[in-house]
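Colleague: The residues making up each chain are set out below.
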Amino acid sequence: MQTVFDYLFIIALYFAVIGLAFFFSWGASWVFRKLSARLQARRGPPAYQPIADIIKLFGKERFTPALSNKFLYILSPLLALSAILILSFMIPPGTPLWPGPLAFDLIVILYFSVMFSLAFVIAGWASGSTWGKIGASREVVMILSVELPLAIALLIPSLALARGGFSFSLSITDVISAQQGTFIWILPNWFLFRYPLAAIALFLTLLTKSWMRPFGDIPEAEQEIFAGSLTEYGGPLLGIFELARLFRFYVFTALFVDLYLGGGVGFVFPFDLLIFLAKCLVIVILMTIVHVASARYRISHVFKWFLTVCLAFALFSLIRVLVGF
Amino acid sequence: MVKITAIKEALKALFKPATTKYPHGPPSHVPPGLRGLPQFSDENCIGCGACVVCCSANAISMKDEGDTRTLSIFYPRCVFCGRCEDICPEDGISLTEQFELATTDKKNAEVTIVFKLVRCSQCGDVISTRKHLDKIKERIMTNVDATVKEEVVRDLPKYETLCGECRRKLSYELNTHTQKYYARRWES
Amino acid sequence: MQIDKVTAPEYVVPLGPFHPALLEGEYFKLKVEGEKVLDVDLKLGYNYRGIMKLAESRSYHQNIYLFERVCGICSAAHTTAYTQTAEMLGGIELPDRARYIRTLIAELERIHSHLLWAGVGMELIGFKTLFMLIWRDREHVLDVLEAISGNRQHYAMNTIGGVRKDIDKDMIPKIEEKLKLLHKATETATKAVLEDGGIRARTKGIGTLDKEIARKICVVGPVARATGMAIDVRKDDPYAAYDEIPFDIITAEGGDILSMAIVRLGELVESVKISQFCLDKLKTVGGPIRAEVKEFPTGEAVGRVEAPRGELMYYLVSNGTNIPERARVRTPSYLNDYALLFMLPGESLADVPITVASVDPCMACTDRMCSVTDHRIQIHKTGTLRDLSKSFR
Amino acid sequence: MIDPAIIIIVLYLAAALTLIGLRVKRANDVISILATGFALLAVILNFLLFPPWISLPGILGLDFTVNGYTNLIALIATFIGFLVVMYSIRYIEHRKSSYSVFVLLTMGSLVGMAYSWNLFWVFVFAELATITSTFLIAHHFKTTSLEGGIKYLIIQFFASIFVIVGLGLIYQEAQVFGYAGIGVFSIEFLLTSGILTGFIGKLSLFLIFLGFLVKVPSFPIHTWLPDASTAAPASISTLLHAMMIKVAGMPAFLILLLFYSFFISVTFWVVICSLGVLTMLVCVIIAFAQDDLKRLLAFDSVSQMGYVILGLGIGGLAITYYSLSADSLWLVVAAGGITAGLFHLLNHSLFKSVLFFSAGAIEHETGTRDINKLGGLLQAMPTTGYVMLIGSLAIAGVPLLNGFTSKWMIYNACIAAGQPAFALIAIFTSALTFAVFLRLLCSVFLGQAPGTYDKVHPAPKIMVVPSLILAAGCILFGFLPQIALVLLIFPATVVLLPTAIPPPMNPLFWVSLDLFLLATLLFIGLIVGYVLYRIKGGAQPIKADEKTMPFTGGALKDPYLKVDEARPASTVFSHPFKPLLNGFRRTHTGLVNFYIVWFVLFALLLLSLLFVGWI
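Residue numbers (the working numbering), protein chains in the order written: chain F, 206 to 530; chain E, 37 to 224; chain R, -10 to 382; chain Y, 20 to 634.
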């Protein structure tokens, strides 16, 4: 059991990790915007732009649309923010950070990522707008399609640790430390090399979860349904949503790096963090390139893609894990 | 999912942004012959008002007040077609290459030129600008029929300061009314 | 007993008049089931600008610049059609050089319009990068047009009896250089659009227009050519210099969005070729660029032109003065917009923007009175453009 | 400590009393409330005071036992029963006078079933409950409700045949005759005597299990439940879902206890687990397509029972592994699985009752159950709406509500038992459940009302209070699941698996330790967000209605389209599933014969597996 001191320590740690996540997300967001602009032959915004956009929103007037449900309308951005903050705390930055038997395992992460999407669904329906509803329903279909491959791909590393027996662990920190050493010759012992198909599946799902094309921006496709769930939002509430969405650059890339790229394993303290962040940045750049080089699919395509190709990739790896070859 | 061409093109564009930081820097280029803001030429414009008539967007207007005539282009209405430039008999108006026309005050959105106005000495009606009259005088002097040149030179000072109406009256009085003039010519 | 039903009642989704995919005022009332569109109702005429009425109070020459502003994108097509009609009224013969310059401008405009369409289409299916890159390449043709005419959009090149500006000898090599760039860019764009799986998935078999329906509702231009009908005013009723120029009519079978894209992208290549031909001719053909205009005797005339969007028709009645008695414009969008009523049902909501864009609707072409609605008292205030612009001043 | 016989007698006597006062409804209500209240109190007292394993040989040979397991089941029965009685005071005002009689009789039979420690008496009480509840299902005496009731009765009796055959086989095996032979069916006797070790013993157990599995219900034989619950009044649907299927299904789980001892076969337990997984997946997909509020909830109930079966099945699998390898770590997994299953049973009765009570309130106020015709009810019935929101989120397994904890434990048990595929399907089902309930919530409570429901009043207080209590329970068990685990569930687990590892030592229960921290962090996030929202202190939210109308793309005031016309369908979510749904639709014909054929085929399949010797 934990003492009160442990408890306070964890809360202090929470703020520290959130700070790290915030600054990384800021930088990654800028890299994303700048790089995609450059790839599109534009110049791109200055480094303060991602934050300036959000700060501007906080200076605007507060309002609730007449047909909206006020309580849920205000609650949903707050829910999105707190869900993503918890997620950024639960995903360790490359190394185990916290003491004690915290059961922040992969399933809890999975559930909180659904909770994050749930906030957008509720926002869309609570705002009373036609476009909000369409966006929300698309978000739900998205959750349904992505959930199964995501769950499989998330659990594969931890299943690979145990291969059946009871010595399983769903904890991310165990997964990170299991990736020490080398795999074949000089290849590091990352799950990326051991289960490449699952890594691809996870990459695609995380890409989708972080609103990147080809699938991710379907629920908020501006050319089709304005801003989807967020059509009715403006001012500080939109600012909170944008702030919450900023953290996706940390949460989803860190998840991938921790599970499949070995986190910062093999280095001592300050360097492992740096290596981890560098890996995260590489993932952001990769995501940006995919985002930039693709058209948006239709929502029915998402369903088809994720429940066939992506699921097949994930299932193949799962069978490999279970059979053990 | 072959999208090599798109990625190749995108990577080619990586270090060659096509856009410029325009409001914060110079524009990429201004081609010669750009149809920009129309400007009056102080030297050539005579204030005749031909451009006012031909302007296809009614952007050019003319206003006579006191003893000045003001020609102004309200350029928010201007469509930069260049018809005024085409029609101007004296190269008095031309389209410049200036295109940064944004302003926060509507009153600033005008190009004006002011002329000294000549009014009728009899009734006080507007005749035209001094410059226009000088030009007309010059033209008449160069183009006038030799047979009537003497008469014209003699009568011109009398007509110079009169408006059309008064001129007609005067010519009637002086028996140089057009009809009479032509009747005399036909008789002779 | 009770059977589990998978039924959905009909719901209505309003698309427009303000919608990010429709930059102009048009309104689709979509009956949807889930994401599937069941039925469409179309409402146009949000911004009737009174241009044809206004034209009855302006001289023939002033009207050139008025009709140029019917539509920004096909301004040259509108002036060509108008001046052509006026020339018929006045019995004016065009000088050779003027004919080539007109053709050159028309083709350059077609290139710019089709590239614009391709960019917008890419943007509507969410492919921002190709949109940006295509529009970057479109700058080449705009540069050429700007160099020739002095403006990127409203070229003001055509006048009754010829063109207003000549193309200098030393400008021709520069234009040729740009045309080469354009040729490369069009080929790249075609390749990028046609090879991408995502684009194919979003366009193939979507918004299919049946050939019979297309024939019945008289669609024109690329939309008609995409359904397999080889109609083109440039061939059927040649104007300017088209009777001397060899070129192909690009057609495609299928009538879906992909075939419309194929037709337009194919026309891009053809247009570059035609432009090159015109430039070659301009190197040798000399002479005046403008014929003398005397008067417009009483009578009426109809002129038609292949605008980038299809057949554009002008009708003028002269009463002998310098002001036309009546001017009538029939734009291609009139005909093509209604094809949407047959193309949209059955598609998913996500495909509505790209389907709407596939016929390249031009609301500026079809809508011409200013209607200012005062929400509070529910009265429609109407007026001529002239009065409304006066109130602005 | 109160003798269960007393509780049952009190309930039956109360039923008889209400017969006397048939005409006076208020008196009936008072009697029902008092009787069920007494039953609830008695069970709680039993909980607090019972010394373990006390068997009360009754006068008639009734074999009642008070232990953790029976107490848990009885607690669910009496608690939900009490709330149902309270709820029906206002819900069925124009009821038949026999309503209270049958409710009390059913309650009594269910309590009897819960406390019986003898398969024969379990069977007798189950039949009693079936017959009495048939009258409740057919309460309205309309065509549909009668049809639903008769269908229910036919399928239940058909299932009983299997039980009777099974019981007869045991009787035959034990070679004792006469009335005294009933003692043979005592669970303890069956466990210790060894008459079940042979093939006939296994077969009889299996047949009894099949018979009771219909009441649970499981996948291919679930079809009676949606029809019955659609036909029944909402309070009875709650009774059916929240307690009947658990209490009536209890014997099936009780049999599992026997299975734990006698079926040492990996294949058998994998089949049971697959049954659970199939149940949850298929039924949630069918629930997707439902437009009828209660039918949707019914299919979802079946799906949730899949979780329970999966949890208990995983427990059995782990016990099998334990007896094969004698590694005590498997006991941890076994305890985890069984506890998780039972915990989900408890949780399901909480949130499903919330949902049925709310659905009843909606039907009571608006007169329709078609979710496409409903909309924007959150303005009119805020309490019902928020309570239903809590119930839906709990059933979808959103963290910090009780559904999450039990589902988390099930997933962990699955993975620990080396069956991650089951866990993954369960996670996917959870996502589907989430979508089902979002669709329900969104189209019923959010958005704009279609206009006909402008004058809807909030539900009467007496109908809201039960669901409020249950929702509070959902939140409590979400934040502090240890309370339920230590006080209610673990004693029951110990009955099923005496060697179970207690919660503090079992890593599968550790999630509960961190939930409080998670709650704190979530709270911090909410506060940070709210501070950010309010940071621009002085500015008042603008009120001008016209300015803050929702954005419909510009057609707001245009006579061409009214704003409340602009509603996208609530079936958007189910759109991608359509081909699949249509396939399932064809299999649910609603014909009893057809369903019975299903049942027989299913039974034949399982029995042939048994005869081949795979299980």
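Calculated directly from the structure, the hints in this document are not laboratory data.
Misleading hints may appear alongside valid ones.
In silico negatives: residues of chain R with every beta carbon more than 10 Å from chain E [stated by the list, open to error]:
id : residue
1  : Leu119
2  : Ala136
3  : Lys224
4  : Glu259
In silico DSS-like links for lysine-lysine, alpha-carbon gap of 25 Å or less [unchecked claim]:
id : chain 1 : residue 1 : chain 2 : residue 2
5  : F       : Lys509    : R       : Lys25
6  : Y       : Lys44     : F       : Lys275
7  : F       : Lys239    : E       : Lys99
8  : Y       : Lys392    : R       : Lys18
9  : R       : Lys169    : E       : Lys52
10 : R       : Lys20     : Y       : Lys44
11 : R       : Lys193    : R       : Lys20
Where is the CB? At the ideal position from N, CA and C, for every residue including glycine.
Colleague: Now tell me, hint by hint, if it's right for this structure.
Modeller: Cross-check of the supplied hints:
Residue-level check failed: R:Leu119 sits 6 Å from the nearest beta carbon of chain E, not beyond 10 Å. Annotated as non-interface, R:Ala136 brings its C-beta within 10 Å of a C-beta of chain E; the closest such distance is 5 Å. Residue-level check passed: R:Lys224 sits 32 Å from the nearest beta carbon of chain E, beyond 10 Å. Here R:Glu259 stays apart from chain E, with its beta-carbon at least about 21 Å from theirs, past the 10 Å limit.
Restraint check for F:Lys509 and R:Lys25: satisfied, since their Cα atoms lie roughly 17 Å apart, inside the 25 Å limit. Restraint check: the Cα-Cα separation between Y:Lys44 and F:Lys275 comes to about 41 Å, which exceeds 25 Å; the hinted pair is violated. Our distance criterion of 25 Å between C-alpha atoms is broken by F:Lys239 and E:Lys99, whose separation comes to about 53 Å. A threshold of 25 Å between alpha carbons decides the hint, and for Y:Lys392 with R:Lys18 the separation of about 21 Å falls inside it, so the pair holds.
This hinted pair checks out: R:Lys169 and E:Lys52 have alpha carbons roughly 19 Å apart, not beyond 25 Å. For the proposed pair R:Lys20 and Y:Lys44, the alpha carbon gap of about 50 Å is over 25 Å, so the pair is violated. Annotation: proposed proximity of R:Lys193 to R:Lys20 holds, straight-line Cα distance about 23 Å (limit 25 Å).
Hint compliance for this structure: hints 1, 2, 6, 7 and 10 are not met, and every other hint is.
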